[in-house]
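**Student:** Produce the complete structure using the sequences and hints provided.
In the numbering used here, the protein residues as written are 1 to 630.
It should be emphasised that the hints constitute simulated quantities derived from the structure, not laboratory data. A couple of the hints might just be wrong.
[As the list claims (entries may be wrong)] Quick list of simulated restraints, FRET-style, between CB atoms:
{"no.": "1", "residue 1": "Ser-160", "residue 2": "Ser-362", "range": "47 to 53 angstroms"}
{"no.": "2", "residue 1": "Asp-375", "residue 2": "Pro-609", "range": "27 to 33 angstroms"}
{"no.": "3", "residue 1": "Leu-321", "residue 2": "Arg-186", "range": "50 to 56 angstroms"}
{"no.": "4", "residue 1": "His-477", "residue 2": "Ala-438", "range": "28 to 34 angstroms"}
{"no.": "5", "residue 1": "Ser-440", "residue 2": "Lys-74", "range": "54 to 60 angstroms"}
Keep in mind that this is a model prediction, so the values were computed, not measured. Even for Gly, the Cβ is constructed at its ideal location relative to N, Cα and C.
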Amino acid sequence: MQASDSKLGTELSRSHVYVVPHFQRPYVWSDDHWQLLWDDLAGAAESVEAEWADDNSDEAPDYFLGAIVTQVRKPKPRRLTASSVIDGQQRLTTLQILLAATREVASQLGLDSVAGKFDDLVTNSDRAVDIEFPEDRPKLVPLPIDKLAFEWAIRTGRSSLDRPVEGLHVSDQLCEAREWFESAVREWLSELEDPALRLEALHFAVDKRIQIVHIMLDSSEDPMVIFEVLNGRGEPLSAADLIKNLLFERAEAGGAHLDDLLTTWLPFDTSPWRDEMTTGRIRRVFIDVFIGYWLAAATGREIRVDDLFEEFKSWLSDSGLSAVDVVNRLRTDGDRYLELRSMNPTSPLGELVDAMEATRTSTPWPLVLGLATRDGVSDVELDEVAEAISSFTMRRAICRMTTKDYNNLFLSVLGGAQKVPPSRVGDAVRELLANQSADSRRWPSDSEFRSGLLDRNLFNNVYRARLRTLLVGIENHLHDARSEHDRARSASERLQIEHLLPQSWRDYWPVPVHDSHAAAVRQDAVHRLGNLTLLTQKLNGTIQHKAWSVKAPEVRRFTLLRLAHSSIFAKPSAAGQRWTDELWSRDWDEERIRIRSQWLAERAVEAWPRPAGGPDIDWEPQLRPPAAST
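**Tutor:** Here is the structure:
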């Protein structure tokens, strides 16, 4: 390894090609990074201007722009010398776009001489480039995924290139950078009357005053090792960046054709894989989340966020699989993961994924992904798996049981399900969960689930997203062949939980002042399941405290949910024969809440079934409200 101070102009003015190697990530810099770089260069140019204006001033200082790490590539006949950019490719790429934008502004102002000077920093001389290898003209060769946008971003005014359309394999960041720098240069030039002098100062600063540290690796040194420990001034490397680095290193050592492998990997370098998402309280790159689930399923053990790369590296060494095989498997299973996440809640598997997304529950994902990507496992089996997981997690959540052991539990269930034929994985998952006996793993029985559902303080005791998911699940369960049901409801929809009897009932639905029993009965009913429904935010905001005579017609008019029409505006079956639909919907009180609570609890037991077994717990209400008068 050799390290030396160097002027940026020295590095860019020689006939040489910098190549971004395949293991690097695509261009990711944005306007915050562009602004910092532009401030550095503009500041250096303004120092040069001040120096030129004052013959007696000291020479302006150099500006340090950071470090780049390169490794000389194997020479090829008739080609320019070339180096791989191991670190600093984001900065070097942005510099090329900045210089190309400045060249264009100079050209448009008719300043051909200074435009030519900037051109020498962006393209290699025609005299140095062999006519049969025009690809050596640009001083930088980006990743194939960035190629079209980069060519547009460094184009001259004479170019006929159309701006590439942003899509799966084309990012717009490079094109936006070109537009941003053209605008910044024009605004900067407008501050003085002599744009030619200012552009000359900028070129002089780039050529003579901007200093970098250039670290050159020997051919014997491993560039991937350097890549793993260098983050530069830009975006920090994600675990996926290091994993990609590792896989491409192994693939190249095995003689694989990297262009084909890069094509397979390409989607992982674009949205949605490079978007950030929240898991628990942590913001993580989407691809890191997927690889974490995938690796947990492959190893059968929990993978900590901070250890993802080291765990993957260890697994790869022990797996006996080639890097090419792993890339292909990651791509195939990644496509399946996206397919699962985009499912509509019209099947048990779709309902489970929807509920997991709505409640930000991630622990079942290795189990779901491991079985969904296993050869021979049918959709019917996956639906049975989903029904078991949904019931297990919903029942435990409503019964306020711990989730602390879920990671290990679901991985152990996956291990057991992998041992049975694909046609039996549904039965296996159901049996493995049903046979758990520890409190941290027990699947609540019907009576225990019913007891949790009929808790007098259900609204306050259950995580709000989980409670909304419960109500949405009951809503979807209530639709049958007689219903006009065009789509299943999603737990992620913007529906609010509404108390039909208001939480602030003392102000809006009072009881006689001296009737303490009536007040206690009413307070007992407020947060029960039977007093809850789902409404849109707008409707909820207009009627939430209104009297029943005002609230009921508005809800009836606008809501489409069976949750309301089958148990609020029509009597539920649990009401018995002494009620008619008209009498039932005439008022809303504690007795109706009690009856609807029991009816909804039975629907929930049906919607989230489990095999027989488990402790029997009978629900006994603390307060029995008086019977409704007829």
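**Student:** Of the numbered hints stated previously, which ones are contradicted by the structure, given in increasing order?
**Tutor:** none
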